[in-house]
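Engineer: Sequence:
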Amino acid sequence: MTVVTLDSVKELPAGLRSIISLHLAAPRWSETCDFYNRMSERERLTVCFHARLKQRHAMAKLEEMNDADRERVVCAIAELSRAFAEYRKHGISKPGFIRRLTISQRRTLFRHAGLTDIEFSQPYWKMYDEDCIWREKLFRALRELFSLFRYAPTVLTAVRPEQYLH
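Each residue of the sequence shown is one higher than the one before, counting from -11 in my numbering.
Treat the hints loosely; a few may be bogus.
[As the list claims (entries may be wrong)] Distance condition first, Cα-Cα at most 30 angstroms in a straight line; then the derived DSS-like pairs of lysine-lysine:
1. Lys77 / Lys114
2. Lys42 / Lys(-2)
3. Lys125 / Lys114
4. Lys82 / Lys125
5. Lys49 / Lys125
6. Lys(-2) / Lys77
7. Lys82 / Lys114
8. Lys125 / Lys42
9. Lys125 / Lys77
[Unchecked claim] Distance ranges between label pairs, derived from CB positions:
10. Asn25 / Arg76: 20 to 30 angstroms
11. Glu29 / Tyr139: 12 to 22 angstroms
12. Trp113 / Glu(-1): 44 to 54 angstroms
13. Ala73 / Pro15: 15 to 25 angstroms
14. Pro15 / Cys120: 39 to 49 angstroms
15. Asp117 / Arg138: 53 to 63 angstroms
Simulated from the structure, these hints should not be mistaken for lab results. Even glycine gets a Cβ: it sits at the ideal position worked out from N, Cα and C.
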């Protein structure tokens, strides 16, 4: 997964930026915007939560956001796409997979499941207990995030095509 940001574009030589602008920027921009804009409100809330943005950001389309917010959203999508990649779940239990997530990724998963800091603060072994009342919500959210990021674009960009030329 590659993320294109304004800083990474500025480091490129002018000629290369021009070629990318003509041939690659528009399709990458379109794919990134389409991926985010097609998410449900709940999914966008999850991404914006991970990006540490406000709820109001989830109501905006990606192209309507300012550069800094858009970059945070795109970087959050990239991080979550890597964290919830299908290949990472093979040969490991669901609780084992959740234990391998970083704290911020785990907190985002719990948030997506509609759980609170109280459940988040519970010991890991609670997930193994079949009587745990929030276990199935968490596992359902895990399946949803695997499904959501299965078809994320390979190259995500926070850079509008016209920004390559400036």
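Engineer: Take the hints in turn and mark each one as holding or not.
Structural biologist: Status of the hints after comparison with the structure:
no.: 1; hint: Lys77 / Lys114; verdict: 20 angstroms, holds
no.: 2; hint: Lys42 / Lys(-2); verdict: 28 angstroms, holds
no.: 3; hint: Lys125 / Lys114; verdict: 13 angstroms, holds
no.: 4; hint: Lys82 / Lys125; verdict: 12 angstroms, holds
no.: 5; hint: Lys49 / Lys125; verdict: 28 angstroms, holds
no.: 6; hint: Lys(-2) / Lys77; verdict: 36 angstroms, violated
no.: 7; hint: Lys82 / Lys114; verdict: 12 angstroms, holds
no.: 8; hint: Lys125 / Lys42; verdict: 24 angstroms, holds
no.: 9; hint: Lys125 / Lys77; verdict: 18 angstroms, holds
no.: 10; hint: Asn25 / Arg76: 20 to 30 angstroms; verdict: 26 angstroms, holds
no.: 11; hint: Glu29 / Tyr139: 12 to 22 angstroms; verdict: 19 angstroms, holds
no.: 12; hint: Trp113 / Glu(-1): 44 to 54 angstroms; verdict: 47 angstroms, holds
no.: 13; hint: Ala73 / Pro15: 15 to 25 angstroms; verdict: 23 angstroms, holds
no.: 14; hint: Pro15 / Cys120: 39 to 49 angstroms; verdict: 45 angstroms, holds
no.: 15; hint: Asp117 / Arg138: 53 to 63 angstroms; verdict: 29 angstroms, violated
Consistency with the previously given hints fails for numbers 6, 15, ordered from lowest to highest.
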